[in-house]
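Peer 1: Heads up: the protein sequence lines correspond to chains A and B, in order.
For the first sequence, the positions run 0 to 250 when numbering that gives the first Met the number 0 is used.
For the second sequence, the positions run 0 to 180 when numbering that gives the first Met the number 0 is used.
Misleading hints may appear alongside valid ones.
What the hints assert, rightly or not - Once the Cα atoms are required to be at most 25 Å apart in a straight line, the calculated SDA-like pairs of lysine to any residue come out as:
#	chain 1	residue 1	chain 2	residue 2
1	A	38	B	7
2	A	38	B	88
3	A	38	B	77
4	A	38	B	5
5	A	38	B	69
Quick caveat, the hints were computed from the structure, so don't treat them as lab data.
Owing to the predicted nature of the structure, the values given are computational and were not obtained by experimental measurement.
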Amino acid sequence: MADADGENAKILVESSEPLMSPAWSPDGRKIAYVSFEGKRSSVYVQTLRSGARQRVSSRDGVNGAPAWSPDGRQLALTLSKSDGNLDVYTLDLASQVLTRLTERPSIDTEPTWAADGKSIFFTSDRAGRPQVYRVPADGGSAQRVSFEGPYNARPRLAPNGKEMAVVHNDRGNYRIALVELKRGFTQVLTSGSLDESPSFAPNGETLIYATRLGERGVLATVTTDGRIHQRISSVAGDVREPAWSPYRLQR
Amino acid sequence: MDFSKSVLIVSVLGVLAGCGGSSGTAMDDGAAGSAAGDADGGPGASSSGMSDDGFGEGGAYGDDPGQTGGVLDSRVIYFGFDESEVDADSMKVVEAHGAYLAERPTATVRLEGHADERGSREYNIGLGERRSQSVRQILLLQGVTSTQLSTVSYGEERPAVLGSDDEALSLNRRVELVYAD
């Protein structure tokens, strides 16, 4: 965890196995993430104040891409279970009830919730290559919502609910784009070749994302009108997967 | 503007996964959610003398065939961009491992799937898993039992080779066959 300018970095979790996909709970008190300790993927929830953590999913196969519902009661996540096929599920943290949302042989992953908690956006390659789809949070049929370009993945909704940031293939370069949900109009915001992991600031006016400086992973921001670009002075090492804290962070 | 400006990040110290790096995690586990364990096979089989299958004895350690100069020395299967089908040359390697495992019902192998660094990370977990599953299916057809096999996908998180040129990318699109010690 660090300040938005990269200063005051504090280690929350350390591992010699990979860690991925950190996600803030809506109240800012917990984080969910994926850990490969034990040479398998598992989803953990960790309380920031105490450091205590709980393994919430370690099923056979892939456990990944945790995303908190707006009321903090559920996690959407990706599981492959024993059939080896990645699909999106929701897990009620109190009751442990698991609800399956997709059932295709395609890779369905990277869920993220709409602000009203009623639908979930996710990445699917059911049409051949990754595009973004929306499905009702309690199940139903999925509708495609990205239409420009051969690759759109890893959606994150803007606070205003009207657009989403995605990883978009722009003539062979992986860049951050803003997709307007009503008409699918897509605006490419960044200019790297391996840009990824966009996250909105709470005021919706800036995106933070991961990019490359030579071989090194660094963070950068861009305003959602595409005009102002900044690089963030990073912490040591190779930095990736930024997630901006919610508006009211309680410490 | 009063909002607290904090950002979670993932930072990797050390160059390739598997290099040094900090020691294990600090925190206690709380009660786990339902944790279906891997069904690993039993302890590695001890080698039991010469067989007629041309492979010779198993390696010095458990299930591992060791390095004998034959086709089983190949432990990595490579894939084309966006591909998860095993090509004809690689098929021979996978089938050889399948025959080896089918002869040794207590031997186990972990199929570690990987993707190159392009595109989003969790989708790349999916590509790595698809590749592991592809190799797994071939092994099952060779008569290996499912309890002998486990899969994991690291997506783009554990590159074999750093770099963004085509050669580096192609060396990262792979499945590694890792025998139990």
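Peer 1: Please flag the earlier hints that this structure goes against, numbers listed from lowest up.
Peer 2: 2, 4 and 5
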